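Participant: Chain by chain, the residues:
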Amino acid sequence: MSERPSLTIGIEEEYQIIDPETRELRSFITQFLEGDRIVMVERDLKPELHQSMVELGTPICYTLDQAKEELSNQRRFIVDLAQQKGLAVAAAATHPFSRWQEQLVTPLPRYQGVLEEMQLLAQRLLIFGMHVHIGIEDRAFAIDTMNVVRYMLPHTLALSTSSPFWQGRKTGLKSYRSLIFEDFPRSGTPEICRTVADWDNLIGTLVRTGCIPDGSKIWWDCRPHHKYPTLEFRICDICTRVDEAIAIAGLFQAIVLWLWKLRQHNITFRTYRKELIDENRWRASRYGIDGKMIDFGKTEELPARALVRELLDLIGEEIDELGIQHHVKVIEDVLMHGTSADRQLRVFDANDGDIKAVVDHLIAETKLGLD
Amino acid sequence: MYYPSFNIGIEEEYQVIDPETRELLGYVTQSMAREKMVVNERAPTVELGERISSGSVAVGTPVCVDINEARDKLLRVRTQMLELAHAGGYKIAGAGTHPFTRWEGREETLAQYRQLAEDTQMIARRLLAFGLRIHIGVEDRDLAIDVMNTMRYVLPHIFCLSTSSPFWHGRDTGLKSYRAVLMDSLPRTGIPGYFASYYDYRSYVDTLMRTNSIPDARRIMYDIVPHYRFSTLVIRICDMMPNYRDVLAVTALLQAAVAWMVDLRQRNMSFRLYERTLIAENKWRALRYGLDGNLIDFGIERSLPARALIRELLERVEPLSHKLHSWHELEHCYVMLDRGASADQQLAVWKATGQDDRAVVDFLIAETEKIA
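For the record, the sequence lines run as chains A and B.
According to our numbering, the first sequence holds residues 1 to 371 in order.
According to our numbering, the second sequence holds residues 1001 to 1372 in order.
Treat the hints as calculated values from the structure; they're not laboratory data.
Hints are supplied without guarantee of correctness; some may be wrong.
As the list claims (entries may be wrong) - Covered stretches of chain B (chain A as the covering partner; in silico rule of three or more C-beta atoms under 8 Å from a C-beta of chain A): (1) 1087-1095; (2) 1168-1175; (3) 1210-1221; (4) 1267-1277; (5) 1284-1297; (6) 1300-1308.
Stated by the list, open to error - Residues on chain A that point at chain B, a partial pick, calculated with CB under 7 Å: (7) Leu120; (8) Glu191; (9) Arg208; (10) Thr209; (11) Gly210; (12) Asp214; (13) Glu301; (14) Asp352.
A quick note: this is a predicted structure, and the numbers were derived from the prediction, not measured.
Glycine residues also receive a C-beta, built at the ideal position from the N, C-alpha and C atoms.
Based on the sequences and whatever the hints tell you, model everything.
Facilitator: In structure tokens form, the structure reads like this:
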């Protein structure tokens, strides 16, 4: 058996750049583009398809404490950079009202290519996620973990939900982003891959037949990264608050450690069919933590909150071992007071349906705890 | 081994159009489960709805023994539909989407849809996506699951022929079937996973029912599934097509492909099983590019023109089609390959008329009215 995975943490976030007057999304990235390069910025600012989106990633972090510091630095950096241009930053998986039809596409060949390939579907993809990388050096264990953690992905999605609005309307969902993304091919809950060879075969076939250039175009909710020795969790809406993002990253870290320890004892969590996991995924995007989810072991519907608490109990020992209790306990606050989506809906109702108030709320929460 | 009947059932969905504005007023679906037509309308087509529910349109027996009987029944239904509509001053069109009419947005209706225990017709109403549902009789349930597993591979190929929804809300989506995107955003849709047996499939359905995820098996709407009550496989991957000959050709192709899968099995062979992920690549290409794109031949791992792969499929199933006495209808697929699918025709009309949405509707109406 291989050594314990390093369990390093890396967090990528996709931010909205906002005009503080109109509260609309505002094109931003082109101000830093010279030809096809980003200039005059000391960090690795990644353009996205839409000009009003930017992606930033933390360096490799060895502890969750460090990840929190790096993520806070990163957010402080982008907030300052935007502020210099008279703009603001919001962390939410959809903008409450800006329309995709009106967004400009970043004038780089690769985005023109995406647009050409995906057409209207690419233009609609005005959504913002958080990707958490957990370092797993043994590829066989990474694949094994992907199969099993599929089960817990909906639970973490529920905790992260931050996209209740779309194009100025209440969608009735807590994570509308997860539905928009499903229009893309190769998205959603991963299929079961029995072995590393199974995964390599799949990627190899898709590459050889010209479907994709490499594994980076597999947009599953969880995937072994095509370059880094990490398992990448892509299921989550971007969290509006830093402490919530860190709590969820800690959850992923502890789950992987837990599965590694189980494996030492020849035990694994059961793997369920994609069709069944998708039921919970739907419930998470629809109701967030307010709904019921299914415990497929018991084949019983239970409140999502109870199932999240059960998960926290299951991995309690690992949370202690990693020394991340103080970060993970934020999840208890989320269970009691709601996710970003719930808070956005409360602000909307408290302001008699003033959707601009929701944007102001998001801008404020995005900066919370940074100073 | 039990030999299937390969009986045929065709369920079409028609758009009811205002001849002045060319807007969509309502739509009609045939539901074989209820053995009657169901009309869902907005405002002025109530009259049409009453006449249909009062029984003036006969759908006839749900099951046809072969493509010839299916042709007679289909023409009878279409004739009656057209007469009724014309009497009320409406037009009828068949296509996967209406080029420009907007009803409710997709956004607010998805959530409601999920919660209500409605039947499958509701999706069409809510999403305004119109499909063609083909039933092929495979009576033995385990054989049906086996055929479902293997048939998945050829569904994208056949779907290419049916694509008819390039427009949505007055916009060229850049896709050949936007309907497929709309449908696949609902739960339990798209290319199904592999099921080892009917028991395996049933235990999946039972788990969902036990956990209150679905009220019954009608809510399982994958591109191919065993019907919840009849002993048929229901194939719902195709867009609704305006031209009845296209509908019959695609139906005959599906029937012959099912017969081919059964024939292989009877000779102790099987079409190879590929992962859903791979088949989904072909479905994506089909909905994006239709007949004009490349599909992947996973046997030889090469990307080849869709038309070439469809021709190959037609050659493979031709002997089966002769046995089923359906070649005179199936052969029309070659015409479709040369002419283009309805989506291609619609785009050509749109470009030729300086992007006139209404001209596209007129074209769809004219194609739908061509009968016998």
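Participant: So, for every hint listed, does it hold in this structure?
Facilitator: Hints, verified against the model:
As drawn, the region 1087-1095 of chain B meets chain A at 0 residues by the rule of a beta-carbon pair under 8 Å; below three, the given contact is violated. By the rule of at least three residues with a Cβ nearer than 8 Å to a Cβ of chain A, the coverage given for the region 1168-1175 of chain B holds, with 5 such residues. Counting residues of the region 1210-1221 of chain B whose C-beta sits closer than 8 Å to any C-beta of chain A gives 4, which meets the bar of three, so the coverage hint holds. Counting residues of the region 1267-1277 of chain B whose beta carbon lies closer than 8 Å to any beta carbon of chain A gives 3, which meets the minimum of three for the stated coverage.
Under a criterion of three residues with beta carbons nearer than 8 Å to beta carbons of chain A, the stated coverage of the region 1284-1297 of chain B is upheld, 4 such residues being counted. Check result for the region 1300-1308 of chain B against chain A: holds, 3 residues qualifying (beta carbon to beta carbon below 8 Å, three or more required). Annotation: interface hint on A/Leu120 holds; nearest CB of chain B at approximately 4 Å, less than 7 Å. Because the beta carbon of A/Glu191 sits about 5 Å from the nearest beta carbon in chain B, less than 7 Å, this interface hint is met.
The restraint placing A/Arg208 at the interface with chain B holds, with a minimum CB-CB distance near 5 Å, inside the 7 Å limit. Residue-level restraint check for A/Thr209 holds (minimum Cβ-Cβ distance to chain B is 4 Å; threshold 7 Å). At its closest, the beta carbon of A/Gly210 sits 5 Å from a beta carbon of chain B; the interface hint therefore holds under the 7 Å criterion. Hint status for A/Asp214 relative to chain B: violated, with the closest Cβ pair at about 15 Å, above 7 Å.
Hint on A/Glu301 holds. Least Cβ distance to chain B is approximately 5 Å, under the 7 Å limit. Interface hint at A/Asp352: violated, since its Cβ lies 19 Å from the closest Cβ of chain B, which is beyond the 7 Å cut-off.
Consistency with the previously given hints fails for numbers 1, 12 and 14, ordered from lowest to highest.
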